[in-house]
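**Q** Residues per chain are reported as follows:
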Amino acid sequence: MTSSADAALTRLSRDGQTETEDRMLGAHAPARPGAPMRGNLGLARFFAVPGQIVSVLVLVMPLLVALYMSFTDWTPTRGSLLDASFVGFENYSELLIYDSRFLEAVTRTVLISVVCLAFEFTLGLGLAVLFLREFRGKAILFSAFLTPMMILPVVVGYTFWMLFQSNGPINQVIALVAGEGAMPEWFRSAPLAIATVIVTEVWHWTPLFFLILLSGLNAVPENPVRAAVILGASPRQVFWRVVLPMLKPVIIVAFVIRGMEVIKLFDEVFMLTRGGPGTATETISLYIYKLAFNDFQLAYGAAAAFLVLIGTLVIINFMLLPVRDQLLEARR
Amino acid sequence: MLVRKLTWPLAFLMALALVFTLFPVFWIVMTAIKPPTDWNAAPAIWIPHEPTLVNFRTLFDPNAIREYGVGGVSQAATASVLGSIFASVTATFFSILIGLFAAIGLSRYATMSKATPLVILSGRMFPPAAIAVPFVIIFSATNVIDTYSGLIAIYVAVTLPFSTWMLKSFVDDLPREIEEAAMIDGRSRLMAHLTVTIPLIRGGLFATTMLIFILNWSEFMFALVLSYTNVTTIPVQLAKYVTATAGTLYGVQAALAVLAMLPLVIGGFMIQSHLARGMTFGAVKR
Chain Z
4 MTSSADAALT
14 RLSRDGQTET
24 EDRMLGAHAP
34 ARPGAPMRGN
44 LGLARFFAVP
54 GQIVSVLVLV
64 MPLLVALYMS
74 FTDWTPTRGS
84 LLDASFVGFE
94 NYSELLIYDS
104 RFLEAVTRTV
114 LISVVCLAFE
124 FTLGLGLAVL
134 FLREFRGKAI
144 LFSAFLTPMM
154 ILPVVVGYTF
164 WMLFQSNGPI
174 NQVIALVAGE
184 GAMPEWFRSA
194 PLAIATVIVT
204 EVWHWTPLFF
214 LILLSGLNAV
224 PENPVRAAVI
234 LGASPRQVFW
244 RVVLPMLKPV
254 IIVAFVIRGM
264 EVIKLFDEVF
274 MLTRGGPGTA
284 TETISLYIYK
294 LAFNDFQLAY
304 GAAAAFLVLI
314 GTLVIINFML
324 LPVRDQLLEA
334 RR
Chain B
118 MLVRKLTWPL
128 AFLMALALVF
138 TLFPVFWIVM
148 TAIKPPTDWN
158 AAPAIWIPHE
168 PTLVNFRTLF
178 DPNAIREYGV
188 GGVSQAATAS
198 VLGSIFASVT
208 ATFFSILIGL
218 FAAIGLSRYA
228 TMSKATPLVI
238 LSGRMFPPAA
248 IAVPFVIIFS
258 ATNVIDTYSG
268 LIAIYVAVTL
278 PFSTWMLKSF
288 VDDLPREIEE
298 AAMIDGRSRL
308 MAHLTVTIPL
318 IRGGLFATTM
328 LIFILNWSEF
338 MFALVLSYTN
348 VTTIPVQLAK
358 YVTATAGTLY
368 GVQAALAVLA
378 MLPLVIGGFM
388 IQSHLARGMT
398 FGAVKR
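Chains as they are written, first to last, in our numbering: chain Z, 4 to 335; chain B, 118 to 403.
Hint data in this document are derived by calculation from the structure and do not stem from the laboratory. Misleading hints may appear alongside valid ones.
Unchecked claim - Derived DEER-like restraints, expressed as beta-carbon distance ranges:
id, chain 1, residue 1, chain 2, residue 2, range
1, B, Ile383, Z, Leu179, 50 to 58 Å
2, B, Arg183, Z, Val113, 45 to 53 Å
3, Z, Ile100, B, Tyr345, 32 to 40 Å
4, Z, Ile56, B, Pro160, 21 to 29 Å
To be verified - Here are a few chain B residues that face chain Z, going by a calculated C-beta distance under 10 Å:
id, residue
5, Leu170
6, Asn260
7, Ile262
8, Ala270
9, Ile331
10, Arg394
11, Met396
All values derive from a computational prediction rather than experimental measurement. Glycine included, C-beta positions come from ideal geometry on N, C-alpha and C.
Kindly produce the complete structure, drawing on both the sequences and the hints.
**A** Given below as structure tokens:
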């Protein structure tokens with residue numbers, strides 16, 4: 004391909020990207036964009052107030068309590084929270100400087116998240132691309148592939164705990180292929196236990212990537228693709244150079260949505276390993292849970308949670324930068 | 118896109134993916150209908166020779182399993198099933214009711230600040246274990262700890278961003294002219310919304326209700342830390358079964374797991390076409 008054709012491909016994908024965004028991210032033209040219905044402030048309040056009351060009472064208030072608590076040395080045995088002594092940033096510095104278990108949990112959670120997201124994206128995209136082809140029984144297969152994401156996390160964790168038992172079906176297959184001696188004790192070794200967590204998570208949430216990416220692929224406009232074909236691009240080039248760049252906003256949405264959830268990973272790990280062996284599979288959420296409800300270090304746990312919140316906010320904000328205008332806002 | 122046929126090697130890949138996707142579901146269902154002798158057999162039994170429903174009966178009658186010569190379950194799951202149904206249905210109802218008002222308000226009247234979506238998203242980012250801590254303290258002080266009203270209040274608040282945002286995306290799809298026409302006909306604004314807007318988005322309303330129900334039904338951590346003796350839900354009961362019996366009651370545990378996932382799989386398939394929208398706060402439309 005000549006360099007001018009190359010440049011043309013790049014241009015095609017750039018033009019198409021806006022169109023995909025329009026179709027996918029809901030910038031559909033409303034009857035009259037922008038202008039809210041006029042007048043009647045009272046009615047607007049009437050609609051908004053119940054939601055605001057619930058949010059303030061049940062989300063904002065506890066968060067403020069937790070924030071205050073994170074600056075004290077309070078534990079339930081010391082009586083009222085108001086009597087607890089104010090210790091400033093002591094909890095925070097303790098966490099960041101001395102608490103290796105916390106730092107390890109953070110590193111581990113981030114690593115597990117990155118590996119899971121990479122697998123979920125690759126497998127989900129592969130499957131979505133297969134679904135662009137024509138074949139019989141597409142509708143029913145589509146439903147079948149979505150099944151995992153409809154199952155509750157606790158049950159998924161329990162199911163995989165069963166599958167990975169030393170006399171479970173996975174070891175049975177391994178014995179069949181590699182002999183009895185090759186059967187591992189999944190929950191007794193740290194790397195294998197982490198592998199079970201990753202396999203479980205990937206199985207559970209690949210369907211969501213598949214679903215979002217397939218929606219995106221179906222919304223890709225046809226004209227740039229046709230033009231690229233006329234320019235002489237091979238199917239592979241069309242996919243990598245034209246279609247995939249046009250899919251970028253959708254891909255980011257998928258990563259943000261899943262990233263937010265996987266960083267809180269708890270239910271599945273609780274059922275699978277409870278963080279064991281030792282602390283080998285302890286995620287941030289599991290560590291905070293243990294701090295608060297096994298060791299009753301409530302103030303310290305609250306401080307840990309705020310550190311995690313700040314970290315997540317920063318990361319998500321950076322991820323959202325390229326699509327902020329399309330996602331959620333500016334859509335009225 | 119250029120439509121091409123699925124070639125044989127690709128069809129094989131897809132079949133492989135299908136096996137991986139469905140095997141865990143197959144396994145949990147098979148385990149749920151295994152008689153006690155098959156539960157822990159080595160090598161594991163894939164398809165029971167004598168399938169039985171005794172595991173399901175045991176959930177509601179702890180002694181039913183004794184006919185197989187196995188000790189009964191310490192606790193029936195009846196309370197947790199009823200608890201799950203009560204908490205999920207009530208919380209879903211309030212979340213949809215409040216969310217519907219907020220959605221109409223946001224879509225038709227409000228001028229939102231640019232930061233609003235991020236504020237809502239950040240609520241989802243906070244580790245639930247940490248939200249649970251102040252809840253336990255506040256609820257203990259106000260005596261709603263270990264009551265369903267406390268649990269339901271949390272569920273409503275946690276699912277409210279989902280219901281508001283998804284419903285707003287459905288209201289956004291509706292041209293304003295329709296409501297305005299109703300107002301010209303002499304109906305008040307409120308009546309126009311009640312009699313025109315809401316009936317017109319009933320499809321979306323149903324899908325959102327289903328999604329919120331799925332979220333509430335699946336919730337584990339809040340139920341775990343806020344339940345002692347009065348309150349229990351299916352996920353908590355499942356966790357209790359697994360710890361209390363150290364994994365010897367596979368069949369009964371699996372039966373509870375199947376019971377827990379059945380309504381979600383059915384409901385999930387019913388709203389399949391709206392799932393992408395629901396899970397992405399309405400950012401992805403189809």
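**Q** If a hint holds in the structure, say so; if it doesn't, say that too.
**A** Okay, the hints, checked on the actual structure:
1. Taking 50 to 58 Å as the suggested C-beta distance range, the pair isoleucine 383 (chain B) and leucine 179 (chain Z) does not conform, at roughly 35 Å.
2. The hinted window of 45 to 53 Å between arginine 183 (chain B) and valine 113 (chain Z) holds, with their beta carbons roughly 49 Å apart.
3. The given range of 32 to 40 Å is respected by isoleucine 100 (chain Z) and tyrosine 345 (chain B), whose C-beta atoms sit roughly 36 Å from each other.
4. Look at isoleucine 56 (chain Z) against proline 160 (chain B): about 58 Å separates their beta carbons, and that is not inside 21 to 29 Å.
5. Of the supplied interface hints, the one on leucine 170 (chain B) is violated, with its beta-carbon coming no nearer than about 19 Å to a beta-carbon of chain Z, more than 10 Å.
6. Evaluation of the asparagine 260 (chain B) hint against chain Z yields a violated restraint, the C-beta minimum of about 15 Å exceeding 10 Å.
7. Interface restraint check: isoleucine 262 (chain B) against chain Z, minimum CB-CB distance 12 Å, threshold 10 Å, status violated.
8. Proximity of alanine 270 (chain B) to chain Z holds as hinted, the smallest CB-CB distance being about 5 Å (cut-off 10 Å).
9. The beta carbon of isoleucine 331 (chain B) comes within 7 Å of a beta carbon in chain Z, closer than 10 Å, and the hint placing it at the interface holds.
10. The restraint placing arginine 394 (chain B) at the interface with chain Z holds, with a minimum CB-CB distance near 9 Å, inside the 10 Å limit.
11. With its C-beta approaching chain Z no nearer than about 6 Å, methionine 396 (chain B) sits inside the 10 Å limit, and its interface hint holds.
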